[in-house]
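Asker: Listed below, chain by chain, are the residues.
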Amino acid sequence: MELVAYFSESFGSEDKLVYGTAHELSFVLLLFCLNELGLVGRAQYEQLVHHVFVKYIKLTRKLRMTYSLEPSGPKESWGLDNYNFLPFLFGGAQLINNEITKNPSDIHDEIAMGKIADDFIYLGNPLFYPFYSSSSVRNPLQKKDVGLVG
Amino acid sequence: MKSKSEEGPLDGTLELSTASGKWEKHVFVKPEKKIRSQESLEQFSRKKYFNYIMIFVTELQASVFKRCISSTIPAENLEPLMSLIGSLENLINDVPPLTQPMRFGNKAFKTWHAKALEVSSPETQKTLTSQIFSDFFWI
Numbered sequence: 001m002e003l004v005a006y007f008s009e010s011f012g013s014e015d016k017l018v019y020g021t022a023h024e025l026s027f028v029l030l031l032f033c034l035n036e037l038g039l040v041g042r043a044q045y046e047q048l049v050h051h052v053f054v055k056y057i058k059l060t061r062k063l064r065m066t067y068s069l070e071p072s073g074p075k076e077s078w079g080l081d082n083y084n085f086l087p088f089l090f091g092g093a094q095l096i097n098n099e100i101t102k103n104p105s106d107i108h109d110e111i112a113m114g115k116i117a118d119d120f121i122y123l124g125n126p127l128f129y130p131f132y133s134s135s136s137v138r139n140p141l142q143k144k145d146v147g148l149v150g
Numbered sequence: 151m152k153s154k155s156e157e158g159p160l161d162g163t164l165e166l167s168t169a170s171g172k173w174e175k176h177v178f179v180k181p182e183k184k185i186r187s188q189e190s191l192e193q194f195s196r197k198k199y200f201n202y203i204m205i206f207v208t209e210l211q212a213s214v215f216k217r218c219i220s221s222t223i224p225a226e227n228l229e230p231l232m233s234l235i236g237s238l239e240n241l242i243n244d245v246p247p248l249t250q251p252m253r254f255g256n257k258a259f260k261t262w263h264a265k266a267l268e269v270s271s272p273e274t275q276k277t278l279t280s281q282i283f284s285d286f287f288w289i
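Those protein sequence lines, which keep their order, are chains A and B.
Under the numbering used here, the first residue of the first sequence carries the number 1, and numbering increases by one thereafter.
Under the numbering used here, the first residue of the second sequence carries the number 151, and numbering increases by one thereafter.
Hint data in this document are derived by calculation from the structure and do not stem from the laboratory.
On a predicted model such as this, the values are computed, not experimentally measured, just so you know.
Just to be clear, a hint being listed does not mean it is correct.
[What the hints assert, rightly or not] Pairs of lysine-lysine residues, derived as PhoX-like cross-links and limited to a Cα-Cα distance of at most 20 angstroms, are as follows:
1) A:K62 / B:K198
2) B:K260 / A:K58
3) B:K197 / A:K16
4) B:K265 / A:K16
5) A:K62 / B:K257
6) B:K265 / A:K62
7) B:K197 / A:K58
8) B:K260 / A:K16
9) A:K16 / A:K62
Full structure from sequences and hints, please.
Answerer: Shown next, in the form of structure tokens:
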């Protein structure tokens with residue numbers, strides 16, 4: 001069945017043992033189909049992102065760590081993350097005009113961020129972890145949302 | 151950003167209708183990976199749905215503008231889907247990684263994946279459609 005096919009492709013490639021944005025896309029296509037079929041409605045979009053998608057991402061991260069899945073495809077062109085794209089898109093939206101993260105450099109204030117990390121998708125991204133941070137992606141919030149979807 | 155119309159198992163030959171009530175006529179096919187050379191009709195479908203999908207993602211994004219996770223009230227009808235994802239996570243405990251040289255991915259993932267499909271296949275039909283939407287039994 002169609003839904004199961006998208007579902008099956010959402011967690012990584014079992015041949016190549018990789019995970020990448022194509023798998024993330026497959027999951028979104030699954031959600032898209034549910035929407036088209038009328039099984040979820042606009043009123044639930046917020047829950048789809050905050051609950052379903054977040055839970056999905058947690059699952060894929062656990063899978064990646066447990067089974068050492070490599071990133072699929074070439075290095076992500078935005079320089080954000082080799083595995084996921086949408087957590088940055090959704091996460092950035094949450095933080096628009098946010099009081100706590102007024103300055104892009106606040107993202108690196110671990111104490112302040114730690115307090116609100118559970119609430120915001122963006123802060124859960126590996127980019128955020130100390131041992132992942134690098135100078136080339138210092139302030140990604142500044143790039144956020146401008147033509148990111150296009 | 152990579153063009154999303156070139157990725158994933160999107161089947162260009164689908165003739166979906168977005169009006170509810172027209173699903174009986176639709177033939178569900180298993181999506182296959184399509185190569186870039188396509189008939190122009192299929193290309194049109196893909197473009198159209200490409201736009202629908204982009205709109206969908208944009209609307210998803212808009213739904214969380216300035217919202218934090220804890221302020222979102224859980225939706226009842228999404229419960230089955232949530233618990234399905236939860237059970238997949240628990241499945242990881244049942245399939246520990248194999249001890250092997252860590253150069254590439256761990257083959258236990260194949261086992262996990264097979265189990266995940268097993269666990270969810272009959273359930274997927276049930277949980278994704280849910281009791282409220284029993285009309286969609288043919289999915």
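Asker: Determine for every hint whether it applies to the structure shown.
Answerer: Hints, one by one, checked against the model:
no., hint, result
1, A:K62 / B:K198, "violated, 35 angstroms"
2, B:K260 / A:K58, "holds, 19 angstroms"
3, B:K197 / A:K16, "violated, 29 angstroms"
4, B:K265 / A:K16, "holds, 18 angstroms"
5, A:K62 / B:K257, "holds, 15 angstroms"
6, B:K265 / A:K62, "holds, 16 angstroms"
7, B:K197 / A:K58, "violated, 31 angstroms"
8, B:K260 / A:K16, "holds, 10 angstroms"
9, A:K16 / A:K62, "holds, 18 angstroms"
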